[in-house]
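A.B. asks: Sequential numbering from 8 applies to the sequence shown in the working numbering.
Careful, some of the hints might be misleading.
Unchecked claim - DMTMM-like cross-link-like pairs, simulated, lysine to aspartate or glutamate; straight-line CA separation at most 25 Å: (1) Lys72 / Glu58; (2) Lys72 / Asp56; (3) Lys72 / Asp49; (4) Lys72 / Asp15.
What the hints contain is simulated information worked out from the structure, not anything from laboratory work.
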Amino acid sequence: MNPDINNDAVPAIIILERLCFLSILDTGIDMAGLRRLAQHMDESEQIMDIEIPFACEVYVDGMRKDNCAQN
Numbered sequence: 008m009n010p011d012i013n014n015d016a017v018p019a020i021i022i023l024e025r026l027c028f029l030s031i032l033d034t035g036i037d038m039a040g041l042r043r044l045a046q047h048m049d050e051s052e053q054i055m056d057i058e059i060p061f062a063c064e065v066y067v068d069g070m071r072k073d074n075c076a077q078n
């Protein structure tokens, strides 16, 4: 819950290999930072629970609906 933590902090978060839970609620991390985190987690096969802001959740849920409609 620190708005000064933004997308510029993502590289520092990425190097925390043993991190298993991250809350980015009330931070400055937006979808761009979340995408970067997700990409790293996918590439490194790291598993982490991430609590995301409502705006990001709405965006991700919209992507799921779009993918389901295409299939």
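A.B. asks: It remains to establish, for every hint, whether it holds in the given structure.
C.D. replies: To see whether the hints hold, each was checked on the structure:
no., hint, result
1, Lys72 / Glu58, "20 Å, holds"
2, Lys72 / Asp56, "22 Å, holds"
3, Lys72 / Asp49, "21 Å, holds"
4, Lys72 / Asp15, "30 Å, violated"
Of the numbered hints listed earlier, the single one contradicted by the structure is hint 4.
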